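A.B. asks: Here is what each chain is made of, one letter per residue.
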Amino acid sequence: MDLKEKLISSFWAFENHLDEDSYLHSIRTNAIKNFQEQGFPSKKEESWKYTSLNSLLKNDFSVFPKQENAIEYNDVKKYFIHDIDSYKIVFIDGKYSSHLSQTTHDGMDICLMSSALSKPKYRILIENYFNKIAKQESLTSLNTAFSSEGAYIHIPKNKMVAKPIQIIHFSTGNESAIMLQPRNLIVVDENSHVQIIERHQSLNDNPVLTNSVSELFINKRAIVDYYKIQNDNQNASLIDNTYIKQKQESICSVHTFSFGGKLTRNNLNFSQQGERINSTLKGITIIGDKQHVDHNTLVHHMEPNCESHQDYKGVFGENSTGVFNGKIIVDKIAQKTNAFQSNKNILVSDKATINTKPQLEIFADDVKCSHGCTIGQLDESAMFYLRSRGIPQKEAKALLMYAFSNNVLNSVKIPEIKQRITKIIANKLGVNIGFDL
Amino acid sequence: MSKYTEDDLREELKTKEYEYGFYTDIESDTFPIGLNEDIVRAISLKKEEPQWMTDWRIESFRAWEKMVEPDWANVKYVKPDFQAISYYSAPNKKPKYNSLDEVDPELLATFAKLGISLDEQKKLSGVAMDVVVDSVSVATTFKKTLAEKGIIFCSISEAIKEHPELVKKYIGTVVPQKDNFYAALNSAVFSDGSFCYVPKGVKCPMELSTYFRINQAGTGQFERTLVIADKGSYVSYLEGCTAPSRDENQLHAAVVELIALDDAEIKYSTVQNWYPGNSEGKGGVYNFVTKRGLCEKNAKISWTQVETGSAVTWKYPSCVLKGDNSVGEFYSIAVTNNHQQADTGTKMVHLGKNTRSTIISKGISAGKSQNSYRGLVQVHARAKNARNFSQCDSLLMGNDCGAHTFPYIEAKNKTARIEHEATTSKIGEDQIFYCNQRGIDTEKAIALIVNGFSKEVLNKLPMEFAVEAQKLLEISLEGSVG
Chain A
1 MDLKEKLISS FWAFENHLDE DSYLHSIRTN AIKNFQEQGF PSKKEESWKY
51 TSLNSLLKND FSVFPKQENA IEYNDVKKYF IHDIDSYKIV FIDGKYSSHL
101 SQTTHDGMDI CLMSSALSKP KYRILIENYF NKIAKQESLT SLNTAFSSEG
151 AYIHIPKNKM VAKPIQIIHF STGNESAIML QPRNLIVVDE NSHVQIIERH
201 QSLNDNPVLT NSVSELFINK RAIVDYYKIQ NDNQNASLID NTYIKQKQES
251 ICSVHTFSFG GKLTRNNLNF SQQGERINST LKGITIIGDK QHVDHNTLVH
301 HMEPNCESHQ DYKGVFGENS TGVFNGKIIV DKIAQKTNAF QSNKNILVSD
351 KATINTKPQL EIFADDVKCS HGCTIGQLDE SAMFYLRSRG IPQKEAKALL
401 MYAFSNNVLN SVKIPEIKQR ITKIIANKLG VNIGFDL
Chain B
1 MSKYTEDDLR EELKTKEYEY GFYTDIESDT FPIGLNEDIV RAISLKKEEP
51 QWMTDWRIES FRAWEKMVEP DWANVKYVKP DFQAISYYSA PNKKPKYNSL
101 DEVDPELLAT FAKLGISLDE QKKLSGVAMD VVVDSVSVAT TFKKTLAEKG
151 IIFCSISEAI KEHPELVKKY IGTVVPQKDN FYAALNSAVF SDGSFCYVPK
201 GVKCPMELST YFRINQAGTG QFERTLVIAD KGSYVSYLEG CTAPSRDENQ
251 LHAAVVELIA LDDAEIKYST VQNWYPGNSE GKGGVYNFVT KRGLCEKNAK
301 ISWTQVETGS AVTWKYPSCV LKGDNSVGEF YSIAVTNNHQ QADTGTKMVH
351 LGKNTRSTII SKGISAGKSQ NSYRGLVQVH ARAKNARNFS QCDSLLMGND
401 CGAHTFPYIE AKNKTARIEH EATTSKIGED QIFYCNQRGI DTEKAIALIV
451 NGFSKEVLNK LPMEFAVEAQ KLLEISLEGS VG
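Same order as they appear, the protein sequences are chains A and B. In terms of the numbering used here, the first sequence has 228 at position 228, counting the first letter as 1, and numbering is strictly consecutive. In terms of the numbering used here, the second sequence has 10 at position 10, counting the first letter as 1, and numbering is strictly consecutive.
A couple of the hints might just be wrong.
Said to hold, decoys possible - BS3-like cross-link-like pairs, simulated, lysine-lysine; straight-line CA separation at most 30 Å:
no.: 1; chain 1: A; residue 1: Lys332; chain 2: B; residue 2: Lys79
no.: 2; chain 1: A; residue 1: Lys132; chain 2: A; residue 2: Lys119
no.: 3; chain 1: A; residue 1: Lys332; chain 2: B; residue 2: Lys76
no.: 4; chain 1: B; residue 1: Lys426; chain 2: B; residue 2: Lys347
no.: 5; chain 1: B; residue 1: Lys384; chain 2: A; residue 2: Lys397
no.: 6; chain 1: B; residue 1: Lys353; chain 2: A; residue 2: Lys397
Hints are computed from structural coordinates only; laboratory data are not their basis. Just so we're clear, the structure is a prediction, and the values are computed from it rather than from any experiment.
Isolated chain A (complex conformation):
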């Protein structure tokens, strides 16, 4: 039985067991039908042209973990941004771990999707927001069908959330192979401000496939900073689908740091539904070995006077493959749009591949849209300069690569994250230097 059939048959078992009311039931059933029709995406589809899931799907993933697993905080402390106070929503093998988490209902809701889906007091919000902007595309539908757990965050009007929120998914590897489908819903009301850090981490070498869907609703003048740290081990794969809807004058930035994992696919979708919106999409990708990272971004400008800014940097070593597929759509009505997209890559190995496809679709005339992409090497004269000052080759190379990706880090607003990422980069490049020279 292949994975698709397995998923579909376990869906029905799961759905009967849940016995939910008809509202969610019909969403889930439609979603599984959708998935059944479309199946897993293949390379024949334009947006999956450079990324194949075939080898991944051969694993016999278990869909539901059989037992509750517990882990000690000290064992996993390093995966948290632990030097700052924060709210934490932690999942172990897809199940909520209350002793690692720190949630709140005090003036805002930072809690669980499972309780939001089942408790009547969240009913209106769920009906207003759940599955409203997620696309009807196959993997997202699959997630919708299985959506039961994840983070639920609702920040009401005029609220400045003092601490960042960390959402961490651990997989223990107690199962030989596991598929996780977390579902997050984040609603930020007018004038509020929140910072979110998301991470997926497996604790041993058993294969993990995470098919995550997050929906973010950012209302008027709200500010959201979202950081995705992807530094999982070599057998973990992640398909991240993030859908963001922004209302007027809101500001949202998403930073994606991809260093680990076997296959990482980031589907990041922005829909600007209001005037004077600002969206920022930035990413650093540094990978080697047989890793594959695919950034698929879409920014849809639907109203006038908005801005979007994309900046993705990539360094590809050994047998790695990097894909960037960025699309900007500017509707006819969206005059005075200012959209910028940049994708710069360095290939450090002869066996590495980079495929990039930046696209513009523009229907309005009074706009400033540009994109640029480059593929190149480190500057030899810069290298010479550093070496002539006594810096060894490896360190000099690392310094230059750090400098190359530095402007992405510049816009990170939490200094601890910046430090953490800097450390990861140093690790990844095999040097022991701090870059804050």
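Put chain B on the given structure of chain A with help from the hints.
C.D. replies: Using the frame of chain A, we list chain B on its own:
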């Protein structure tokens, strides 16, 4: 004096009818409509082709039958009914002429209207003309001069008869019969086209030129062009098209193959002005063309195109940079107006070491048109030190048109250096203000800006052609190009 604004220009663009729309009635020898193996055989027979060519056509036809019309391009149109097209049409009076006096006067008048009178061309520009009217060459000039140098420049049907070894060796090597739907169709039914062979070390002393013209209602034009530049040679080839006003959609599916052997250089320039349809988007030519060049060691192929016509354009002149140190260039201006749709661009496939490519694409969209750039830059693992620079700029005039960019960049070698940039803008009010301030009226200012926008590409056209290109830009963007 009332002020001339961008709106006026748009208005003019909307109402501007196709100037070269006329129809000359030359008695034609036309096949019944429809396509089957018999028709393919009949075309081959009609052209007195050898058996191998007939077989080649049949093979292509059988492949074509199994293929599906592609629909990935960013264009919308009513798919042509391939069984409603007549696949062969030749002007009736077939004998070759020794002088212009013998040419059908009606035909000469046609050329006069186009402003390309043969004798004027002969005397003034030194351009040898292989005039194609509805698929068959009726006049070839300067053949003698070329013959002295050993250059073969003739129609492809003549080449099949007289130089079968060359045609057999090279045809289908760059664009295989089964390459794509339209290439297969063309391989099966191509009626005529040009053939050019420049021998080793010869620099072709003049620009070679062909004017294509669709001239018979309901006749699809399937041109086949094969240009071979032998080692160390140089040739510059010009192609230009104008077509008469027609209500019915006409299909144009040409194949152009360029082969540049070691150290050779081919410069291929196109001015394309097929009938774009009237201001409601009715009628107009479908232009589905496969153009590709192959570069051996140190060779260079340069494509320059000015696209102003056609209702639907689907065209990607490409370079396969097979030899080390070879160079590919692509310079393009695509102007779309009214309901025109263009999906055009290039492919640069870097296979050899130290290969270089440059892509400059300028898109101007006005009216309700859609203009897309679609390009591929591919650096294979063996292609050390490959270098590419791409620039795609779009200029939007009016709020009903669209500009799209779909670049594909694939690099498999760490020494590759690839740069791509694209911008989309409109004519800035500040730019016009700047000109106005210096006493340049708005009309002239727009002209200056559009001209400046396309200058990089216009400069690449050969002298003889630049004039024509300017003329065609004028028709599409009347009142703006001074």
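A.B. asks: All the hints need checking, so say for each whether the structure fits it.
C.D. replies: Hint check:
Under the criterion of a C-alpha separation no larger than 30 Å, the hint pairing Lys332(A) with Lys79(B) is consistent with the structure, at around 27 Å. Distance check on the hinted pair: Lys132(A) and Lys119(A) sit about 19 Å apart at the alpha-carbon level, within 30 Å; holds. Pair hint Lys332(A) plus Lys76(B) holds up; C-alpha atoms about 18 Å apart against a cutoff of 30 Å. Under the criterion of a C-alpha separation no larger than 30 Å, the hint pairing Lys426(B) with Lys347(B) is consistent with the structure, at around 27 Å.
A C-alpha spacing of about 21 Å is found between Lys384(B) and Lys397(A), which places the hinted pair at or below 30 Å, so the restraint holds. With a C-alpha separation of about 25 Å, the suggested pairing of Lys353(B) with Lys397(A) holds against the 30 Å cut-off.
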